[in-house]
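Fit chain B to the known structure of chain A by using the hints.
2 protein chains.
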Amino acid sequence: MSFALRPAWSYEDLDRFFHPRSVALVGASDKPGKVGTAILENLLFGAAGERDRSRGFPGKVYPVNAKGATLFGHKAFASCAELPEPVDFAVIAVPPPQVPEVVTEVAARGARAISIISGGFGELGKPGEALQEEVVRRARAAGARVLGPNTLGVLSVNAGLNASFARTTPRCGGISFLSQSGALITGLIEYALEENIGFSKIVSIGDKCDLDDVDLLRYLARDPETQVIAVYIEALRDGRSFFEAAREVVRRKPIVAYKSGRSESGARAAASHTGSLAGNDAAYAAAFRQAGVFRADTIYSMVDAAMAWASQPVPVGNRIAVLTNAGGPGVICADEAASLGLGLARLSDSTLVALDKCLPAIWSRGNPIDIIGDAGPDRYEASLQALLAAPEVDGIVLVCTPQAMTEPLETAKRIVQVVEASPARKPLTASFLGIVHQPSEDWLDAHGIPERAFPERSVRAMDALVKRGEQLRRLAARDERPVTSPAAFDPELGRYLHGLAAAGRTTLTLAEARRVFALAGLPMNASVVATSPEEAARAARSVGFPVAMKVVSEQVLHKSESGGVKVGLGTEAEVSAAYDEIRASVRRAVPGAVIDGVAVDEVVRGTELILGASTDPLFGKLVMFGMGGIFVEVYKDVSFRLAPLTLDEAHDMLDELRARPILDGARGAPKADKDLLAALLVRVGDLVRAFPQIRELDVNPLVVSRTGTMAIDARVLLEDAAPRS
Amino acid sequence: MSFALRPAWSYEDLDRFFHPRSVALVGASDKPGKVGTAILENLLFGAAGERDRSRGFPGKVYPVNAKGATLFGHKAFASCAELPEPVDFAVIAVPPPQVPEVVTEVAARGARAISIISGGFGELGKPGEALQEEVVRRARAAGARVLGPNTLGVLSVNAGLNASFARTTPRCGGISFLSQSGALITGLIEYALEENIGFSKIVSIGDKCDLDDVDLLRYLARDPETQVIAVYIEALRDGRSFFEAAREVVRRKPIVAYKSGRSESGARAAASHTGSLAGNDAAYAAAFRQAGVFRADTIYSMVDAAMAWASQPVPVGNRIAVLTNAGGPGVICADEAASLGLGLARLSDSTLVALDKCLPAIWSRGNPIDIIGDAGPDRYEASLQALLAAPEVDGIVLVCTPQAMTEPLETAKRIVQVVEASPARKPLTASFLGIVHQPSEDWLDAHGIPERAFPERSVRAMDALVKRGEQLRRLAARDERPVTSPAAFDPELGRYLHGLAAAGRTTLTLAEARRVFALAGLPMNASVVATSPEEAARAARSVGFPVAMKVVSEQVLHKSESGGVKVGLGTEAEVSAAYDEIRASVRRAVPGAVIDGVAVDEVVRGTELILGASTDPLFGKLVMFGMGGIFVEVYKDVSFRLAPLTLDEAHDMLDELRARPILDGARGAPKADKDLLAALLVRVGDLVRAFPQIRELDVNPLVVSRTGTMAIDARVLLEDAAPRS
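Quick note, the sequences are listed as chains A and B, same order.
Residue numbering for the first sequence follows the numbering used here, starting at 82 and increasing by one per position.
Residue numbering for the second sequence follows the numbering used here, starting at 82 and increasing by one per position.
Next comes chain A alone, as it looks inside the complex (with noise of 0.2 Å):
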């Protein structure tokens, strides 16, 4: 699809779909079951059934309905000309043949924001794909901005404007949600109003013919009532937008991401389900990671990690304290904590001594802070006013289990009243074991104070604060920013991909990788292709003993299969009689190879790493890192980063391989020079953002030996120079 060139985008713009003072409804209805009443009733009313206007929007509203008439007792206009002044916003939810002439009529009103509630574009082929085009064409030439189409709609809770299908409305937060799942929205909302979840803005994204995700965050970025963005992504229209939008958007505020289409199934479903490419997840998790989105992995992760945000100050550190009145649940919490590499403090003599004055005799004189089980509130508050006195202790997971002596509601008030009269800054999360709905829930939730009935959640909202506070420090310590200096390259190099690809080359031989990788000031070993047994023993000798010999030719594809490749070559008359045994396997494994020659190779020990770089089709150019071999699939111990990097950026990388021991010279293995590894990323990052047509570049293995790191072997393709579609 080709769309009149996109308006600048502009806060004032989207701010109309959140803030209007006015909303027209074209396909309203008071018919039960249709989406015209039930957005209808929620713009009234605030949700379906209710009939207190007192709840609803609090601006005016102005239904448009071909039949005219009244609709729960509101005035409902027949056309949009009737309308009795301009309106800031309209939802549309008409056909979708009707869609372009409305979009005319409603901009005409005024309307500049507009949000396109009908589906069924995309199922009406090319007609619908036309239909779509033509609304967008419409809106631009108003100089709207067009929502959707196919979207649940837009809630702005603040302003008590709920323009959307579902069934009602949340409670008023910080927490805004983009997401590519209007029902996802429903979920969560009936979700949030059992848990006391607040929100600010809820959007449900739609087909996106004119705003996409990256508008939205960008928006909710400078929106002052947005504490903290969830993101719910099936597939980013445009991923090297919202990476760049989101590393400058967490620098402010949070974001939290559920992206599905982790796995093949996964991303075939939401692919046929949205019509889009759903891309590759290891891009996505790269570019989550550099820009420092935090990935949640089940819907609920994502819901705990926003409210914990929402409602309690990030911690300093790490150390966690665990307050519970059982032991078990407080092991569980230990455990928890482990696994997310969360620390449990260590608390100090006179923390020890501020315990031993409230609890009894057997308390657990550790952490887990195990305050016995019959403890009620007067103990909780004590050990609590303790903890949040404690310096070494950066965060506190409080547990309560349901015992004969406990006394849930009047703990959680205490807790209440200990958090609000303490001056420390700290996060609490409190986990009320297996207690769903009761008051004691309410009261902490109600109270900013994030409560879930199994003490695993709980841990994992403290992580997320942990997490959190972690990135604000290192945002502050280092520049995350990229380096965008145009890095500079030996000016042959251009001259040389120039001529590659006017040759109509794409998939360069080794001698051309070779020479790209030398102009380029990448390492790699010696290596000489020899034409003659002869040729090959003075090149062994050249490079040093032993060598390695691989068959040089385009037509071998599988070298090794082929017997195209001999290793561990330590004499001249090994060298000699190798060559004329490859030439020979290989004129029996590929009858009718052209055999350019065979390359005789310094061999270099040590450490075998991997390095690439690939084009995504949404991230643009992106660096791999990680340990080679023949253990690279198995294991897949990789990194990946959108390129260009920062050296920050590459450290982080070589810092995330598991097998980082090994670089640091664990069990033998040659030491590597991060410093070093971590320029050759970056110089691998650049040498594809200045040179885009190299679509791949494939070093496997890079070694890491005693004496230095080199390419042993390099793969590069470049774009096929045809223009493509």
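Please note that the accuracy of each hint is not assured.
Same chains, same names: a pair is fine if it fits in one copy or spans any two.
For lysine-lysine, the following BS3-like pairs were computed, each having C-alpha atoms within a straight-line distance of at most 30 Å [stated by the list, open to error]:
1) Lys112 - Lys717
2) Lys438 - Lys141
3) Lys755 - Lys717
4) Lys438 - Lys207
5) Lys141 - Lys494
6) Lys115 - Lys148
Please keep in mind that the hints were generated in silico from the structure rather than gathered at the bench.
Chain B alone, transformed into the frame defined by chain A:
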């Protein structure tokens, strides 16, 4: 602690705890906040605060209280002697010092089942231990079995018996729960009431002075009212017996275990809480896997699995259909299914036709089956019928998101109708997204369809059903019982090991280990110890070039780091020179080391594996197998099993490795003879069982080459011959 001989296990002995005719409660009270009050209320009325005797235990309840008097309108007896008739079951809730005497008294009145609620023995230190021993001595003398001390008590829900101080009683059902944490029981009861989960028996295991997990597991296995067993474990007393019992039980009933203390800090917390050894998590993991115990990683996964098993049939395969009224949650289910290894059913043409008939034209025509957001009860009914009838679908995960047109309760009712009317015994789990505590949920729960607010949990519940189905089929297809036939070992091996022990040897030299391997029939590479450069050269000729050389010295622990190892020696001259260099290096690195010679080893190139055996204090002999070399600690790609092993179990160990494709010859690696490897694992298991004095055995690496499989290094540790305390 040493106790009198444990009585032989008898079903009838344990059944007295769960189906007594009469119960005495010693330490009964009516003072609010006392444990004796809570238990009495539970016995009489089924819950705290209840006063309806018809909801309590239908048999006789005899409160015993030193003051006599009347408690809650029921006559209390001043002593056991005054009880009007013998009692079956006595619950004791008096301070520890009084417990032994009370045990004698209740036993004198016929009680053969005694539950000691009283805690605090452990905290009394030595005197507490003595008290506890005295309790056991007296109980055994009387032929009574004891639960506790420090137990919350037992609930036998089917029998109407709540002999615990939990706050209330859950509803009746097929799940029995053994828990080492009483608090977890109280929390789960609250949760179960909210989520309509039914229980049969609930036992708080307490400090296990007599009855332990194994006794109770065996009871529940035979209990006709128990369908599913859930266990919360912090530390087992006898891991091996638990393993053996569980392995038998799973043939009849599924077991799900939540084991805490997985992490180091968790284990420390568990140890300080239970005062017992939390043990090595790898051994627990091996035992659970090998016995067929399903391991849950959160409390709610344990509950979800148990509830699914208790209410749904197991499927005949792993092909799942996801039926949903929204695309997003469908994708989420597909992701979760893929991450668990579940397959998405590929719908047949006839199923597609059946669905076409009942769904709007724009339905997804694939799995997930997206029946569109406006799906009402009729559409759910018709599509569910089609899927229940589809032979290519083994199980169904149904998702319903609350959209404007959704009718949750009516949909729930229709689902129940369809399932109940269907002849297909196919499992169904449901998620009504975000919906907590609403009539639709209650309806499904009450009709045995597990419903959760988040689809991930519904997919995991389905996974538990699928895994149980797979387990039952596997149990039917193969003999899971270990081979216990005495493995035939060379008689000389026993003599040799005996001699080593007699000589006080514990850490064997490589030469000694080689001899053990040779006698045990475990293949090793050729190796000759040389004591001069000339001998070394001769040795190299005999084993074949190239060779590796390694210093032989008991004092040199880190042979590589001391310069005591050289590899890739290709000529006699190199070997002779290496001999001298090794001696010189080692002399410098470890002054005073006695150098017994230098081993000249056959070099075997191939995939490096690791193979070992160890002795776990709880589970006994374990066999370990995995990928070796420098990555062993990094990727921890190893599997463990308890010895002895069946051949099938040994094959499971191979199959479990992530690097299994390497063994299959991926990426040019030599293809391993898996039958031979499996036989080797069985042999190692038999070896350490036959000769338990072998405390540890380690082969790193075990090399799979193109010509065979052999050990290249061997480390053997023997038990100290001096008796171990």
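Open item on the list: As a check of your reading, is Lys755 near Lys717 (CA-CA no more than 30 Å) within one copy, between copies, both or neither?
Closed with: So Lys755 and Lys717 pass the 30 Å test inside a copy (20 Å) and across (24 Å) alike.
Task: Copy assignment of Lys438 with Lys207, given that the CA separation must stay at most 30 Å - done: between (76 Å within a copy, 25 Å between copies)
TODO: Using 30 Å as the alpha carbon limit, work out where Lys141 and Lys494 are close: within a copy, between copies, both or neither.
DONE: Neither, since 41 Å and 41 Å both go past 30 Å.
Open item on the list: Treating 30 Å as the Cα threshold, decide for Lys115 and Lys148: within, between, both or neither.
Closed with: within (15 Å within a copy, 71 Å between copies)
- [ ] Evaluate Lys438 and Lys141 at a C-alpha cut-off of 30 Å and name the case that applies: within, between, both or neither.
- [x] Close neither inside one copy (61 Å) nor across copies (44 Å); limit 30 Å.
Task: Homomeric proximity label, Lys112 with Lys717: Cα distance no greater than 30 Å - done: neither (56 Å within a copy, 62 Å between copies)
When held up to the earlier numbered hints, the structure conflicts with 1, 2, 5 and fits the remainder.
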